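Asks: Please work from the sequences and hints to get the whole structure.
Chains A and B supply the protein sequences, listed in that same order. Taking our numbering, I'd label the letters of the first sequence as residues 1 to 149. Taking our numbering, I'd label the letters of the second sequence as residues 150 to 867.
If you are wondering where the hints come from, they were derived from the structure by calculation, not from laboratory data. This structure is a prediction, so every number in the text was calculated from the model and none was measured. Certain hints may be false.
Result set (DSSO-like, lysine-lysine): computed pairs, CA atoms no more than 30 Å apart in a straight line [stated by the list, open to error]: (1) B:Lys506 with B:Lys562; (2) A:Lys5 with B:Lys215; (3) A:Lys5 with B:Lys324; (4) A:Lys5 with B:Lys316; (5) B:Lys646 with B:Lys788; (6) B:Lys506 with B:Lys529; (7) A:Lys5 with B:Lys850; (8) B:Lys215 with B:Lys324; (9) B:Lys542 with B:Lys686; (10) B:Lys664 with B:Lys715; (11) B:Lys686 with B:Lys562; (12) B:Lys215 with B:Lys562.
In silico negatives: residues of chain A with every beta carbon more than 10 Å from chain B [what the hints assert, rightly or not]: (13) Ser33; (14) Ser106; (15) Val118; (16) Arg138; (17) Asn141; (18) Arg146.
The beta carbon of each residue, even a glycine, is placed where N, CA and C say it ideally should be.
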Amino acid sequence: MTNTKEWDMVVELLRQQTFAVLGTSRQGHPYSSLVAFSATTSGESLYFATTRATRKYHNLAVDNRITLLIDNRAEQDRPLYEAAAVTAYGSAEEMHDEIHLEALASYLAKHPQLKSFVTAPTTALFRINVEEYHLVQRFQNVTEFRMSR
Amino acid sequence: MNYLVPLNPSCQASSLTIGGKAEMLAVLRQKGFNVPSGYCLPVSAYHEFLNETGLDTFISLELQRKEFAEMRWEEIWDVSLRIRNHFATSDWPQGMKLRLLEDLRNIPANWSATAVRSTAPGEDSSNQSFAGLHESRVMLRGIDAILEAIRTVWASLWSDGALLYRKELGLDPGKSGMAVIIQEMVVGEVSGILFSRAPMDRKVMMVEAVWGLNQALVDGTIEPDRWQIDRATGNVTEKREVKHSHAMRPISHGIKLSCLTESEQGQSPLNAMRCRKLHQVGIQLEELLGQAVDVEWTFTGETLYILQARPVTKTLSLQPDDERPWYLSLHRSLDNLEELQGELEQTVLPGMDRDAKQMAAVDLSTLDNQQLSEEYLRRKKLLDHWLQVYKEKCIPMAHGLRLFGEFYNDLVKPEDPYEFVSLLHSDDLLAVKRNRELSKMATVIRDTPSLLKQLEEDRVIPAESPLRAMYDDFEIRFSGMNWALQGGLDLTGWLVKLAEQEEEIHTSASLNTEKDFLENLADEERDVACRILAVAKASYLLRDNDNLYLGKVRAGVASAEQEIHKRLEAGITEGLENTLPKDSGKSILFSRYDAQSEQMLNPLVQQVPRQLVGQPAGPGVSSGLARVLDNTSALADFKKGEVLVCDAIEPNMTFLAPLAAAIIERRGGMLIHGAIIAREYGIPCVTGIADAPRIIQTGDKLSVDGYLGIVTIDRVSG
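Replies: Rendered as structure tokens:
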């Protein structure tokens, strides 16, 4: 199957980038935090982990709607016109039991160095069920992707 | 010196820092050749300027607006114009300016004037094929003029010609740079170019010469005398002399094309003694460089100066279908454009009009099949002829707009690089005139409900109605337009449709800044400004009108085609079977966009365009529902207040423009028909959105930002 070049860009960002900015909400006020993430190959699900004492964990307990911004700005060598960012919209769900294993495998494949962190009893692993991606590239060209479930 | 490298015998700088041209001048001085003294502003200064002003980012973004391969020449010119204007309007970084001024004050006081020339690093000798891509400024007086010229020469690294040959030149926004030669101006009485081996015959030496400075020779304004010299003996073997009438001569600031004196007119700028000196220098330079050379030279009295010399190692070989040389040939001088204007106004357009009228006068239904077939082929041949003339004469005339654009931007340095277009506005555009007449007739219908009702019923205009005379007059004045092909409605049908819309909001924009512009000029500049402005105005008008005239000829072919189709469908085929070409099903009036097949996407993902970036072609902001014109019937469905989305606004579609909320075109450029019409009516316009007719769907809610060239799509369900 051939993909469009825009979707290829989304997939590339999901695969190559290690960190992303998670947006949660606290009493109606936006709250941003940096997280290490991983993604399924289809782009349907994203994973991240946090300890249960964090602000974001509490925010998610009240309102699980999130955004996740992934971009290539860390690659300083890239010229500005190649700057690209994708924002994922969806809801976060804490992983338990057998699906936890699948999530864990995806997360550790990308972040093996975080094994002790993600397997600690105080850490929660979340799956983001992505509803939409919004890709911005080449300075103002915007494409939306709607995920069917 | 903070920046400047003196180009003297002790100069050690390499071509990587000062460019090949400057390095060569330093070498020639070391070897004792007579070269005007000068300095080089190395490429590091260019990079410092770009870094500090942020121009490097601007250039990168400009070049990435769209895939380069997808850009048309008009879009490339636009990119170049915007970059050029950005150089001109970017202030000098304070520290840099102070250091550079300190250097420039060291220029010897005995220089009567200064020349500023380009010298690009890494430029190899094959670039001689690209001569004229970069700019030079001559006869500059005062430090401010030099500073100004430096920015112009830097900007010319990104000239449209250079962008066209971007790959061959290795032009890269991250790596390329430009050094500048600042040189004592030598005002020669005779100048020219020496080819130590003639381009067409490598066995002989060739000299081209003109009276005055050689700028007019280089840009093709003046045709030179051409003499061939025997390489071995130095004897002149062949003389080709042209009529001598003009020379480029210095004026107080700059240069001007002037008439020759009577005695100059009667004689060649070359003579045996000058040829001997040139031959001698040519041979010496070949020995020094070990290969054939091209030399720019000038004589003051009998003293020969070398202005530039370059070795010739290889020439660029182009594919026969490479259109870039043709594109470069579109750069015309003012004199050339004035001549072209006369030809277009007096011969070309009247010729198209005559043929179109003659076609319209023939009642095709009275011809037998044989006659119809012959008539069709005759019309087709006429159309092909006019299409060729259009390419050779009409398109080059568009350069008048560019010439004025650059002239205006250099003088005024406006924030908006297209500000100059407001001075070209004209009520004489045929499309505007035609729309005004249509609008008048629609108003008569709208104001007379009984007439509207009657026309809706039987489409027949009563003889006693005031509309009758207007209608007949319109048909005569704008004959040839095949209304039947415009979405299945005839002219009366369109009038009813226009009358059913509310009164139009868009009126032709009126701006009168010409007086302000001209009043602020020095007398000498005003002279040239008036001439360039006159050419640009004609170019603006013709750019639009020639399309309409050509449209009429097209309509003549289309109506014959239609008549043939009609007979073929009715089974009256004898003698007509092979008349039409295979692809004649395509509308000749409507350039249809062949959409590429949809790309497959992961079935779980639905892709929806949200925001598209093109080129800003008509300022303003507007929103409305999209009407994608992908076939002729979509024209009839178009409603007032919708956003026209199309491959390109065809001349015969422009009557819809005043009703549109905004215009979006796949074809790019500021000088295309749709953009000109949009500007005339003050309608926001974005051009050059690749695949626009495919990506946007009729009914999409669109916001169109004509300032930034952005279209936002609000599609609730994909």
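Asks: Does each hint fit the structure? Answer for all of them.
Replies: Now for the hints, and whether the structure bears them out:
Between Lys506 (chain B) and Lys562 (chain B) the alpha-carbon distance is near 45 Å, which puts this suggested pair outside the 30 Å criterion. Between Lys5 (chain A) and Lys215 (chain B), the direct Cα distance comes to roughly 14 Å. Compliance with the 30 Å bound is thereby established for this hinted pair. The hinted pair formed by Lys5 (chain A) and Lys324 (chain B) meets the criterion: a straight-line CA distance of about 27 Å does not exceed 30 Å. Distance restraint check for Lys5 (chain A) and Lys316 (chain B): the Cα-Cα separation of roughly 24 Å lies within the 30 Å cut-off, and the hinted pair is therefore satisfied.
About 9 Å separates the Cα atoms of Lys646 (chain B) and Lys788 (chain B), which keeps this hinted pair within 30 Å; it holds. Proximity of Lys506 (chain B) to Lys529 (chain B) is assessed by CA-CA distance (about 15 Å); at most 30 Å being required, the pair is judged to hold. For the hint linking Lys5 (chain A) to Lys850 (chain B), the alpha-carbon distance of about 24 Å falls within 30 Å, and the restraint holds. A threshold of 30 Å between alpha carbons decides the hint, and for Lys215 (chain B) with Lys324 (chain B) the separation of about 20 Å falls inside it, so the pair holds.
Pair hint Lys542 (chain B) plus Lys686 (chain B) holds up; C-alpha atoms about 16 Å apart against a cutoff of 30 Å. The straight-line distance between the Cα atoms of Lys664 (chain B) and Lys715 (chain B) is roughly 56 Å, outside the 30 Å bound, and the hint therefore fails. As the CA atoms of Lys686 (chain B) and Lys562 (chain B) are separated by approximately 20 Å, the hinted pair is consistent with the 30 Å bound. Restraint check: the Cα-Cα separation between Lys215 (chain B) and Lys562 (chain B) comes to about 26 Å, which is no more than 30 Å; the hinted pair holds.
Every C-beta of chain B lies more than 10 Å from that of Ser33 (chain A), the closest at about 26 Å, which supports listing it as non-interface. Ser106 (chain A), annotated as away from the interface, keeps every beta carbon of chain B farther than 10 Å; the closest lies near 17 Å. Consistency note on Val118 (chain A): stated as away from chain B, and its beta-carbon is indeed over 10 Å from all of that chain's, at 27 Å minimum. Distance check on Arg138 (chain A): its Cβ comes as close as 6 Å (rounded) to a Cβ of chain B, failing to clear the 10 Å threshold; non-interface status is violated.
With a minimum CB-CB distance of about 5 Å to chain B, Asn141 (chain A) fails to clear the 10 Å threshold, and the non-interface call is violated. Not every C-beta of chain B lies more than 10 Å from that of Arg146 (chain A), the closest at about 4 Å, which undercuts listing it as non-interface.
In summary, the numbered hints that this structure violates are 1, 10, 16, 17 and 18.
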